[in-house]
Amino acid sequence: MSVLSWCHWLQNTPWATGIRQSDLWFPFIEGSHILALSLSVGLIVMFDLRLLRLVLPTEPASKIMRLVMPWAIPGFGIMFVTGGLLFFSQAEKAYSSGFFRVKMLLLVLLGVNAVVYQMKYYPSMAEWESSETVPRGVQVIAVVSLAFWMVVIACGRLMAYEL
Amino acid sequence: MKYFPVGLLVMAPFGFGHHSFAMFELTKDVTYEGTVMEYRWENPHTHIIVKVEPGAADPATIGTWDVEGGSTNIMGRQGWTRATFKAGDHVKVVAHPMKDGTKGASLFYAVMPDGKRLYHDIARPKTEGASASAQ
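These protein sequence lines are chains A and B, in that order.
1 is the number of the first residue of the first sequence in the working numbering; add one for each residue after it.
1 is the number of the first residue of the second sequence in the working numbering; add one for each residue after it.
Hints were generated in silico from the structure; no laboratory data involved.
No experiment lies behind these values; they were computed from the predicted model shown.
Careful: at least some of the hints might be erroneous.
[To be verified] Below, computed lysine-lysine pairings styled on DSS-like, alpha-carbon distance capped at 30 Å: (1) A:K93 to B:K86; (2) B:K28 to B:K51; (3) B:K116 to A:K63; (4) B:K116 to A:K93; (5) B:K86 to B:K99; (6) B:K116 to B:K28; (7) B:K51 to B:K86; (8) B:K116 to B:K86; (9) B:K86 to B:K103; (10) B:K92 to B:K116; (11) A:K93 to B:K99; (12) B:K99 to B:K51; (13) A:K120 to A:K63; (14) B:K99 to B:K116; (15) A:K93 to B:K103; (16) A:K63 to B:K86; (17) B:K86 to B:K28; (18) B:K116 to B:K103.
[Claimed, not checked] Chain A is nowhere near these chain B residues, computed Cβ spacing over 10 Å in every case: (19) M23; (20) E42; (21) G76; (22) G115; (23) L118.
Where is the CB? At the ideal position from N, CA and C, for every residue including glycine.
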């Protein structure tokens, strides 16, 4: 079974069809997916800007992280679940979209980016978080995160412009 | 406040429905008359796949066209239902073609067998009177 025929089967399952044809569920799921952006990506942007010392530079970065993550992570969870449901409801179209593929690739790379931060720089945050010189690697991670998230959002929007 | 516009940029699309009408030639009203190949009553957009046979009044419309309507909510408010069309029905729709020339169009209205028009949303972008020449 090819991926495309699996997508065809998936979007024609009764519950995927149900979402697609529902006056209530589709807008609720799509709306939640977009509103959850403010919780997850919105707060991640604030944290990235703090890493670059452009926002709240006098507050320790670890404190900002502690404050935003309890909101950003559930926000990401909502985006992940609602995004999955939106994919199920139009799997064939999504799989065929170049924008969707770029979006998925960048999400994986963002995951790698976050893991690198957690493993390499998170344990030593206390050493550099209050200093005026942020390690070069941390700056790169923050810029990559900001840039990739913007492209992910743009790709999500552009998918809708393909008939 | 320096970064506030970034937030606005992210949220801006939410107010405009699934997508804007930028990809369609909104000033052009084209009549597609033919057979319904598929009528997809679904979100985020309903679709009528229309096959226009050779011999049509407008030769430029010959071929198979994907005519896109609004969401089921929006169309429902204009009187559309999942049973408005079915494959094999004769159909006459007026729609705004894609700017890039691909065989797609944004539904303006359908002319039903009794002559009544079923509009996409609130007859965007023109009023009924202004579009009389389209028929």
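Hint by hint, which ones does this structure get wrong, listed from lowest number up? As far as the earlier hints go, 3, 4, 16, 19, 20, 21 are violated by this structure, in ascending order.
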